[in-house]
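If you want the building blocks of each chain, they are given just below.
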Amino acid sequence: MRPSRPISAKSCIHRRDFLASGAALALVTSGHRSNAQSSKTGTVRVWGEPGPYGGVAVAAMNEWAQKNAPGLKFEIETIPWDGVYVKLMTDLAARRPPGLISVESPIAMQLMAEGLLEPLDDVSQTVGRDRLADKLKWEYFGAWTSKQYIMPAHHQPHLLLVRTDISKELGLSDPDGWSWNDLANAARTITQKKPEMAGICMALGRNLCTDYHFAALLHQAGGKMFDQRNKFEVAFDSPETAEALEFVRELQQFMPKGAVEYSFLQVVDAHVTGKTAMSFYWGRTLGRAAEEAKPIFEATEAFNHARNPRTTRRSNWNDFQGWCIPARNNPFVEEAKQALTYYLKSTPWLVKYCHSLMPNVAPVFKDQAESAELRNHPFYQSKARTVDTYFNTSLEHASSTANELLQGVNPFAGIVHGRSILAQTVQKVMIDKMSPRDAAKWGARELDSVRKENIQLVN
Amino acid sequence: MLIDTGAGRGSPTPLPASRSSARRWFPELSDNTVGLLFIAPFIVTGLFFMVYPVIEAVRMAFFSYNPLRPEVTRYVGLANFQFILSDPLFWDAFLQGTVWTLLSILFQTLLGVSIALLLNRTLPGIAVFRGLLLFPYIVPTVVIALIWRWIFNPEIGVVNYALIATRLVDTPIYWLSTPDMAMASTILLNVWKYTPFVVICVLARLQSVPQELYDAARVDGAGAFRRFLDVTLPQLREVLIVVVVFRTIWTFNKFEEIYLLTKGGPGTSTFNLAVYSFEQSIASLKLGVGAATGVVMMVMLLIGSIVYLRVSGFGREEAGA
Amino acid sequence: MNPDRAHRMLGLAATYLVLLATTFLVCFPLIWALSTSLKGKAEIFATPPTLIPHEPTIDNYKALITGRPQYFQSGSERVATGSAPAEFFGRWFLNSIIVTVGSTLISIAVSTLAAYSITRFRYFGRRIVPYLSILGYMVPSIIFVFPLFLVMVRLELTDNLLSLILGYVSLTLPFCMWLMWAFMRSIPIEIEEAALIDGATRLQVFRDVVIPTALPGIIAAAIFSIIVSWNDYLFGRVFLNSLDNLTLTVGVMLFFEGTHVDWGLLMAACVLMTVPMAVLFMALQRHLVTGFGAGAVKG
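Quick note, the sequences are listed as chains A, B and C, same order. Note that this note's numbering has the first sequence beginning at 11, numbered continuously upward. Note that this note's numbering has the second sequence beginning at 119, numbered continuously upward. Note that this note's numbering has the third sequence beginning at 131, numbered continuously upward.
Calculated directly from the structure, the hints in this document are not laboratory data. Don't be surprised by glycine CBs; every beta carbon is placed ideally from N, CA and C. A hint or two may mislead.
Claimed, not checked - Where chain C lies over chain A, by a calculated footprint (3+ residues, C-beta under 8 Å):
{"no.": "1", "stretch": "77-89"}
{"no.": "2", "stretch": "437-447"}
What the hints assert, rightly or not - Computed list of lysine-lysine pairs in BS3-like fashion (alpha-carbon distance at most 27 Å, straight line):
{"no.": "3", "chain 1": "A", "residue 1": "Lys376", "chain 2": "A", "residue 2": "Lys145"}
{"no.": "4", "chain 1": "C", "residue 1": "Lys171", "chain 2": "A", "residue 2": "Lys285"}
{"no.": "5", "chain 1": "A", "residue 1": "Lys355", "chain 2": "A", "residue 2": "Lys83"}
{"no.": "6", "chain 1": "A", "residue 1": "Lys304", "chain 2": "C", "residue 2": "Lys171"}
{"no.": "7", "chain 1": "A", "residue 1": "Lys241", "chain 2": "A", "residue 2": "Lys462"}
{"no.": "8", "chain 1": "A", "residue 1": "Lys355", "chain 2": "A", "residue 2": "Lys145"}
{"no.": "9", "chain 1": "A", "residue 1": "Lys178", "chain 2": "A", "residue 2": "Lys304"}
{"no.": "10", "chain 1": "A", "residue 1": "Lys267", "chain 2": "C", "residue 2": "Lys171"}
{"no.": "11", "chain 1": "A", "residue 1": "Lys267", "chain 2": "A", "residue 2": "Lys462"}
With the sequences and hints as input, model every part of the structure.
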């Protein structure tokens, strides 16, 4: 993605004159010129998760760079999900942060609370404070001490994926109406009637995926890690946690045998290769199925999670992914801001972003969500309902470990995930055969040590 | 300065000072200078890249150091050591690491000696076999870990396919999903990779065993097995001790062979001390604790190396000079 | 055929059989990797799995060597993701070569000079140097890596191949020192004495007499250093950041950490990564055996 030759000197001068005369009034806060030429050279590294969408955003930014910073090249740097913490240490601690980061909210919130990020209020003003799609709030993505540090990139819930061909064949009821018991019974039926298939699949390995999958169940049960309203005291040692763990234990018998070491990759594999009839996952599974296993793609639909019988919650874990800019040791703060603004204001690029992996990354801006071009994608014909579930109705039930039950941001989630505390709690029950109550106590102790060691983040 | 090769060949002879000669490419330097000049790069490199990191690691063990917040580094005395010594995971890692090491060494030694015996012949084509059997040693750990994941993949791997097709098992074996299987898999990988090292060392020794000893034993009516016990084994004794001690020390501290295959899982069942140290430093961002674990590992190492030096004859060798 | 001869032939056949079986088992992982890398996507998952591909293809190798990007469909456009590991493979290969050659040259130069010094001259402390070296060799890399990382941070060398070159020197120097010392000790002094008497300077003797004689040891040390540097993962993971600067070991692990593993491509990458080591090894394995024999076992 080499930037092309810079625009001729004549038009450059023209633009500069124009800016100098009047347009400065239209600009906000930090006093930089939004379209000023930058003479810096180098590569602006952009962190992103595995997937094509980061590349789309970077392509948009390179378009900006061609016109405004011809010496710069934006380059996507894929971070494996379980590798984020290594990267945090090796890059940030090495004082070689990337120029721009696209990351899910637990880590973004941690970076934000640690004071490592540049405030982006000017960017959010330029992009449009009232542009957010329905049911989304700026705080979900990252506001701290009344400053906005993180710009929305996309939202991404994980839902219940069901092979409707199997469920219909076995006469199961509509998954949309299921409770936890219905889900367990369905899994049991499938496992019994279809011996080569597992009933359900989720991640149970010591990794981030398990953390997320379990967090959703925890929130469905009404449980939490930290109590935002009570100084973030640990609230994990609770009957709700035990209930969620018990449910996982019940479901485990219907899962593929290798599930105790599953992470993101293996759960997708299991569904796409037909080893499981149901799974918990984000939209990526459908994308891959569309490429590799058309019959499975056609048969799979996504539903909001089964409701917890006691609380009636159907919480999912939504990543509320955002863009943020490291503040320290970052030579490209201004350029990253401008490139980001350029990209976020361009509806065509935002639509391309969503299209690059349907229906994994959901639109966050009104114009993006309502655009006709967005609907110009085959999935809107074949999977309209599933797409709508991912993009829209999931938001009613959205939750996150960084913002539990959307009752307030906590900055500890990133650290919790770094140590895979939730996954380890799950594994204590699944592998070490601890009782759910004891495992909850163990987890609570670990969470408490996280809170104690990082208490300065909330003071 | 006197020249002393230490090869024990009698008293060193004093030499006349070097004379200038017609063709001189380098400036004439006295022996003193040359000697010190030659050792200088080693001293410098050694100090910076061997001595300094170790000292720094020991120093870090007494500090609380979060690499993301270097400004709050503070001295904590023995707190890091207290932390790890009271952490059940540390002891689990220690135990697991020990089991892993001992079993790996056992199999490496048994297999290594067997293969070396096999290779210690002058059959046509033996050189080819020698090359191929020593091959695993040079394969990058990343490569073998990834290939392992592929061939031992429970659903699509060829090993399970072969086992099921030949009716040795009925259901797929989950090589990495239970603590015991994961431990077995990592041991298997370790044995595969490092047995060649044992083979090389044993073979080198075997090839210097004089044939007459075997002939004499054969004349005495000893069968192949007896010959092995009475002639080969005693000759191998010294090299085996050295190899076993060496390999034990190295295996105990191995990081990649476990981490790249299982990341220490499932759960924490394949953790060893090196993985524990890594996780404390990176995942928990506690470089001080990681360093303290390293110090503990080094102490164990020191004990092991003293054993090695004693056993390999440090004192004995110098007496002969 | 007399019974003795038959007995011997049987024994011979049995020996070859055992050798073949053992060699096949030992080399199987790489054989299977090669086989997988030459298969198309369909055949990789076919049952029963085939050892020799029915429809071999070098597509995976082409992708790696030409740096083929991954594309996705966006509306009517085909956009490159810009982060396909295959795109960077060639770059990573080059980086591994640079780092390996750099650290090997430094290690063998330093250790040869130092070994000559401590075996030919007498001064305080020279006797313990080799033993301190071997002690250093036994310090596990996990202890070195974070302090060295902090050093590199202070020197602002992270994400720079030079940091790896220096880091690998710390891993390889101790054993190279030990090896060269063992070799230097066994070189008879007469050759040098003769040359010195003829009027050569110490340095000339070193260059013209000692180095050629010590060449087997130098080669063994070089092989060892090359293997350690090429194969390392831990240092590369911690010291390097951007995609452009990764070495092969760190980069190839990225093939595996997404949501979709292209096994054929991954196996091809594994094969290509191992080939240089295999070639080196096959050509020079005799030296490796000699080196280890001399270094690990005394006398």
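Taking the hints in turn, this is what the structure says about them:
Only residues whose C-beta sits within less than 8 Å of a C-beta in chain C count toward coverage, and the stretch 77-89 of chain A has 4 of them, enough to reach three; the restraint holds. Against chain C, the stretch 437-447 of chain A contributes 0 residues with a C-beta closer than 8 Å to a partner C-beta. That does not satisfy the three-residue criterion, and the hint is violated. Pair hint A:Lys376 plus A:Lys145 holds up; C-alpha atoms about 11 Å apart against a cutoff of 27 Å. With a CA separation close to 19 Å, the supplied pair C:Lys171 and A:Lys285 stays within the 27 Å bound.
Of the supplied pair hints, the one linking A:Lys355 and A:Lys83 holds, its CA atoms being roughly 20 Å apart against a limit of 27 Å. This hinted pair checks out: A:Lys304 and C:Lys171 have alpha carbons roughly 16 Å apart, not beyond 27 Å. Distance check on the hinted pair: A:Lys241 and A:Lys462 sit about 12 Å apart at the alpha-carbon level, within 27 Å; holds. Proposed proximity of A:Lys355 and A:Lys145 is supported: the alpha carbons are some 20 Å apart, at most 27 Å.
Proposed proximity of A:Lys178 and A:Lys304 is supported: the alpha carbons are some 18 Å apart, at most 27 Å. Only pairs whose Cα atoms come within 27 Å are accepted, and A:Lys267 paired with C:Lys171 is accepted, the gap being roughly 26 Å. This hinted pair does not check out: A:Lys267 and A:Lys462 have alpha carbons roughly 37 Å apart, beyond 27 Å.
Taken one by one, the earlier hints fail for this structure at numbers 2 and 11, listed in ascending order.
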